[in-house]
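Listed here are the chains, written in short residue letters.
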Amino acid sequence: MESMREIIRKKPKSFLSFLFLLLLILIFYSATVGTVDIPFKRVLAIILSETPLIGSWLPAFEGSDRTIVINLRLPRILLGVIVGSSLAVSGTSMQGVFKNPLASPFILGVSAGGGLGAAVGIYIGISYYLLPLFAFTAALGTVILVFALGRVKGKTDIATLLLAGLAMNFLMAGLTNYIRYISPPEKEFHLRILTFMFGTLNGSLWKHTYPTLPIMVIGLALVFAYSKDLNLFQMGEESAKQLGVEVERTKMIQLFTSSLLAATMVAFTGVIGFVGLMMPHAARLIVGPEHKKLIPTSALFGGIFLVFCDTISRMMGEIPVGIVTVLLGSPFFIYLLVRNRGETGW
Amino acid sequence: MVELEVDSLVTGYSDEKILKDISFHVEKGDFLGIIGPNGSGKSTLIRALTRIISPWDGSVKYDKKNIEKMSRNEIARKVSVVPQDTFINFPFTVRDVVLMGRSPYIGRFKNPDKEDIKIAKEAMQATKTLRFEDRSVRDLSGGELQRVVLARALTQKPDLLLLDEATSQLDIGHKKEVMDMLKEMNENKNLSVISVHHNLNLAARYCKKILLLDDGKKHVHGRPEEVLTNSHLRAVYGVEAEVHEHPKDGSLYVSPVDKKIRSEKGGKKIHVVCGGNSTGTLLKDLVEKGYEVSAGVLNVMDSDLEKADFLDVEVVTEAPFSSITRESYKGNLQLIKKADIVVVTDFPVGEGNIKNLEAVKEGVDHDTDLILVDKDNIKERDFTEQNRGVKLYSEISRKKNTKRVDSTEEAVRSL
Numbered sequence: 002m003e004s005m006r007e008i009i010r011k012k013p014k015s016f017l018s019f020l021f022l023l024l025l026i027l028i029f030y031s032a033t034v035g036t037v038d039i040p041f042k043r044v045l046a047i048i049l050s051e052t053p054l055i056g057s058w059l060p061a062f063e064g065s066d067r068t069i070v071i072n073l074r075l076p077r078i079l080l081g082v083i084v085g086s087s088l089a090v091s092g093t094s095m096q097g098v099f100k101n102p103l104a105s106p107f108i109l110g111v112s113a114g115g116g117l118g119a120a121v122g123i124y125i126g127i128s129y130y131l132l133p134l135f136a137f138t139a140a141l142g143t144v145i146l147v148f149a150l151g152r153v154k155g156k157t158d159i160a161t162l163l164l165a166g167l168a169m170n171f172l173m174a175g176l177t178n179y180i181r182y183i184s185p186p187e188k189e190f191h192l193r194i195l196t197f198m199f200g201t202l203n204g205s206l207w208k209h210t211y212p213t214l215p216i217m218v219i220g221l222a223l224v225f226a227y228s229k230d231l232n233l234f235q236m237g238e239e240s241a242k243q244l245g246v247e248v249e250r251t252k253m254i255q256l257f258t259s260s261l262l263a264a265t266m267v268a269f270t271g272v273i274g275f276v277g278l279m280m281p282h283a284a285r286l287i288v289g290p291e292h293k294k295l296i297p298t299s300a301l302f303g304g305i306f307l308v309f310c311d312t313i314s315r316m317m318g319e320i321p322v323g324i325v326t327v328l329l330g331s332p333f334f335i336y337l338l339v340r341n342r343g344e345t346g347w
Numbered sequence: 127m128v129e130l131e132v133d134s135l136v137t138g139y140s141d142e143k144i145l146k147d148i149s150f151h152v153e154k155g156d157f158l159g160i161i162g163p164n165g166s167g168k169s170t171l172i173r174a175l176t177r178i179i180s181p182w183d184g185s186v187k188y189d190k191k192n193i194e195k196m197s198r199n200e201i202a203r204k205v206s207v208v209p210q211d212t213f214i215n216f217p218f219t220v221r222d223v224v225l226m227g228r229s230p231y232i233g234r235f236k237n238p239d240k241e242d243i244k245i246a247k248e249a250m251q252a253t254k255t256l257r258f259e260d261r262s263v264r265d266l267s268g269g270e271l272q273r274v275v276l277a278r279a280l281t282q283k284p285d286l287l288l289l290d291e292a293t294s295q296l297d298i299g300h301k302k303e304v305m306d307m308l309k310e311m312n313e314n315k316n317l318s319v320i321s322v323h324h325n326l327n328l329a330a331r332y333c334k335k336i337l338l339l340d341d342g343k344k345h346v347h348g349r350p351e352e353v354l355t356n357s358h359l360r361a362v363y364g365v366e367a368e369v370h371e372h373p374k375d376g377s378l379y380v381s382p383v384d385k386k387i388r389s390e391k392g393g394k395k396i397h398v399v400c401g402g403n404s405t406g407t408l409l410k411d412l413v414e415k416g417y418e419v420s421a422g423v424l425n426v427m428d429s430d431l432e433k434a435d436f437l438d439v440e441v442v443t444e445a446p447f448s449s450i451t452r453e454s455y456k457g458n459l460q461l462i463k464k465a466d467i468v469v470v471t472d473f474p475v476g477e478g479n480i481k482n483l484e485a486v487k488e489g490v491d492h493d494t495d496l497i498l499v500d501k502d503n504i505k506e507r508d509f510t511e512q513n514r515g516v517k518l519y520s521e522i523s524r525k526k527n528t529k530r531v532d533s534t535e536e537a538v539r540s541l
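Residue numbers (my numbering), protein chains in the order written: chain A, 2 to 347; chain B, 127 to 541.
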């Protein structure tokens with residue numbers, strides 16, 4: 002393990018290529034799993050036949066297998082990749098800005114805000130398609146409120162910001178609970194709110210996948226562009242300034258980008274816990290804290306992990322994927338922690 | 127290259143004014159020490175010089191350019207800072223941290239090139255951190271980390287280096303090593319240095335000029351011998367101090383004058399022969415027990431001396447890094463003769479301080495109790511030629527009324 006890590010740290014590009022390949026294989030494998038099992042070869046053929054350029058050379062498929070793979074499973078799997086990598090990179094950015102390995106994408110109230118938005122939406126009975134808009138607005142609104150509270154004399158004070166986030170998390174969760182308490186007793190109703198709070202990829206269609214894609218691309222690019230500054234942040238804000246970082250600007254861009262990433266993903270899938278907090282950790286254990294390596298590794302870890310968990314969720318009869326991420330992730334994380342205790346520094 | 131001009135600078139935090147009208151300038155090759163009591167504005171000045179805080183009035187200029195009009199990268203290429211302490215939460219390697227010093231020169235999407243790596247290597251060599259370049263900064267001692275941060279500051283290739291009590295965490299050996307290295311770079315490589323010092327003697331020994339701050343204002347600015355005078359020190363620090371010339375190189379050093387504040391219990395007199403941070407809590411414990419405590423011979427800047435000063439213990443002092451002179455030998459001997467009990471701690475014995483043992487041999491007579499703190503390791507801590515320390519020690523331990531104890535705590539209990 003030790004020498005393995007040395008090798009990985011010396012050849013980060015090969016390691017990233019390996020992870021990318023792993024993700025591809027997992028995507029294909031995941032498309033075979035579900036209420037109907039479709040053989041791997043057939044999945045491969047169906048997907049290749051639909052791929053631009055290559056597809057025109059291959060025989061086309063018709064029928065239910067094609068519908069299941071292309072219209073149901075693929076958008077869901079790709080949404081998993083997008084959400085997983087976005088949450089992981091959002092967490093990496095948050096942990097970098099807060100200089101704290103316990104920060105998560107939800108630390109500024111995104112999840113609690115999104116939860117309240119969804120609960121309100123479900124309570125007043127808006128259409129299923131408007132729910133993401135409700136959740137997104139509430140999530141981003143909460144973060145903006147937290148930012149406003151955390152601003153002291155024209156500067157974003159980290160400690161005040163964290164406390165403001167904590168307070169808003171409690172407030173929003175309290176309001177959500179209140180709505181759950183006063184809402185009608187039908188089981189269906191509560192299940193929808195609960196499912197949102199656990200997070201699920203079930204029922205995702207292309208129309209959910211498409212809007213998240215540009216947000217992910219822009220968000221990941223913006224975080225990656227600041228990897229050098231995030232490294233320097235770890236020397237302390239004052240030292241970072243003295244090393245040439247425009248600290249206030251960096252902080253605002255990073256906090257806004259990571260909140261936007263998290264808010265968008267929460268809007269479409271509900272609150273999928275664990276990924277944003279733990280994937281940066283796992284990545285840091287393997288490639289080290291340097292952000293140019295850490296950010297792409299986190300992104301791939303997040304994508305792989307969430308698709309893997311969602312595959313299991315489908316195998317186990319559609320339990321919300323947020324439950325799987327926590328149940329699978331925590332023991333694995335405890336294992337990593339015990340194994341590396343004392344040597345990683347956090 | 128660099129010329130720093132501070133003109134009528136006024137600044138502070140929110141509504142508290144800290145610096146009140148400060149002007150001075152630093153030219154290429156200067157080595158300026160900034161001293162002053164706590165709260166006099168030393169660290170605030172360092173922060174104003176790197177635009178961590180902006181001037182309320184007046185200006186800070188580098189090469190005639192106002193700092194308010196410079197980008198952070200531009201400032202970082204001219205000035206680098208070694209802060210008092212650094213806390214890094216994530217396990218970066220030493221090499222990673224030192225290379226961060228190149229960031230003002232490297233574009234957002236570029237990686238360090240060979241030249242950058244070479245500069246970082248040189249800085250690590252100079253600060254003796256190269257041999258642990260692969261280690262995580264989380265596993266370093268305070269002193270090691272401080273040297274890594276210094277290497278990072280040098281890797282910035284500044285014209286001006288700012289040190290904010292940067293050596294206060296280092297032990298006396300590393301303190302001297304780092305300051306000697308900076309002196310060398312200042313003299314041979316034209317690196318200008320501004321260093322804030324809590325320790326007047328460090329400032330006196332290394333700085334070409336000293337700026338003495340008092341309550342956010344410039345009290346006096348000039349050569350060490352102009353600034354470190356009894357009257358200036360009394361006016362600003364409110365203490366009586368003696369200013370001496372170092373017997374070897376003529377540099378100045380300052381020692382507080384014995385304040386004659388003694389325990390009112392009128393207890394027995396105890397003299398502690400010590401040095402090299404060997405006293406632990408001994409001095410404090412003895413003072414608290416009501417003994418009249420004295421100590422010697424201690425070099426200025428020895429941490430045992432800092433404790434003694436703090437406790438108002440009467441001390442025979444010697445210039446920093448200097449051997450015991452005839453004069454301080456006599457002072458020590460007198461205190462030993464006056465004492466009812468003499469305690470000898472397990473300090474390392476070298477050519478410089480073997481006179482401490484000679485004074486014990488000569489001064490301790492029949493009616494004096496002698497307590498030797500010794501873990502039976504005199505051979506290991508004897509660095510004199512021909513084992514003179516060991517021989518002397520065994521002669522001393524044959525004296526009447528001699529007790530051997532394992533630790534300073536046991537020494538206190540045995541009284």
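Keep in mind that the hints were calculated from the coordinates and are not lab data.
Some clues are possibly wrong.
Here are the simulated DSS-like pairs of lysine-lysine, each with C-alpha atoms no more than 30 Å apart in a straight line [stated by the list, open to error]:
| hint | chain 1 | residue 1 | chain 2 | residue 2 |
| --- | --- | --- | --- | --- |
| 1 | A | LYS100 | B | LYS236 |
| 2 | B | LYS309 | B | LYS343 |
| 3 | B | LYS244 | A | LYS293 |
| 4 | B | LYS244 | B | LYS143 |
| 5 | B | LYS247 | A | LYS154 |
| 6 | B | LYS247 | A | LYS100 |
| 7 | A | LYS154 | B | LYS187 |
| 8 | B | LYS190 | B | LYS143 |
| 9 | B | LYS187 | A | LYS156 |
| 10 | B | LYS244 | A | LYS11 |
| 11 | A | LYS154 | B | LYS343 |
Here are some, though not all, of the chain A residues that point toward chain B, as calculated from beta-carbon distances under 7 Å [claimed, not checked]:
| hint | residue |
| --- | --- |
| 12 | GLY35 |
| 13 | ASP38 |
| 14 | GLU51 |
| 15 | ARG181 |
| 16 | LEU233 |
| 17 | GLN243 |
| 18 | LEU244 |
| 19 | GLU247 |
| 20 | THR251 |
| 21 | PRO290 |
Note that the Cβ used here is the ideal one computed from N, Cα and C, for glycine as well.
Here is what the structure says about each hint:
1. With a CA separation close to 23 Å, the supplied pair A:LYS100 and B:LYS236 stays within the 30 Å bound.
2. Between the alpha carbons of B:LYS309 and B:LYS343 the distance comes to roughly 27 Å, so the proposed pair stays at or under 30 Å and holds.
3. A C-alpha spacing of about 21 Å is found between B:LYS244 and A:LYS293, which places the hinted pair at or below 30 Å, so the restraint holds.
4. Restraint check: the Cα-Cα separation between B:LYS244 and B:LYS143 comes to about 43 Å, which exceeds 30 Å; the hinted pair is violated.
5. Between B:LYS247 and A:LYS154, the direct Cα distance comes to roughly 41 Å. Violation of the 30 Å bound is thereby established for this hinted pair.
6. Our distance criterion of 30 Å between C-alpha atoms is met by B:LYS247 and A:LYS100, whose separation comes to about 27 Å.
7. A hinted pair counts as satisfied when its Cα atoms are at most 30 Å apart, and A:LYS154 with B:LYS187 qualifies at roughly 26 Å.
8. A C-alpha spacing of about 26 Å is found between B:LYS190 and B:LYS143, which places the hinted pair at or below 30 Å, so the restraint holds.
9. Our distance criterion of 30 Å between C-alpha atoms is met by B:LYS187 and A:LYS156, whose separation comes to about 25 Å.
10. In summary, the hint linking B:LYS244 to A:LYS11 is supported, as the alpha carbons are separated by about 19 Å, within the 30 Å threshold.
11. This hinted pair checks out: A:LYS154 and B:LYS343 have alpha carbons roughly 27 Å apart, not beyond 30 Å.
12. Of the supplied interface hints, the one on A:GLY35 is violated, with its beta-carbon coming no nearer than about 40 Å to a beta-carbon of chain B, more than 7 Å.
13. Interface hint at A:ASP38: violated, since its Cβ lies 44 Å from the closest Cβ of chain B, which is beyond the 7 Å cut-off.
14. With a cut of 7 Å, the hint placing A:GLU51 at the interface with chain B is violated, because the nearest CB-to-CB distance is about 35 Å.
15. At about 38 Å, the closest approach between the beta carbon of A:ARG181 and any beta carbon in chain B exceeds 7 Å, and the interface hint on this residue is violated.
16. Taken as an interface hint, A:LEU233 checks out: its beta carbon lies about 6 Å from the nearest beta carbon of chain B, inside 7 Å.
17. The criterion of a C-beta within 7 Å of any C-beta in chain B is met by A:GLN243, whose closest approach is roughly 5 Å, and the hint holds.
18. For A:LEU244, the interface hint holds, since its Cβ comes within 7 Å of a Cβ in chain B; the closest pair sits about 6 Å apart.
19. Taken as an interface hint, A:GLU247 checks out: its beta carbon lies about 6 Å from the nearest beta carbon of chain B, inside 7 Å.
20. Hint on A:THR251 is violated. Least Cβ distance to chain B is approximately 10 Å, over the 7 Å limit.
21. Interface hint status for A:PRO290: upheld, as the beta-carbon distance to the closest one in chain B is roughly 4 Å, under 7 Å.
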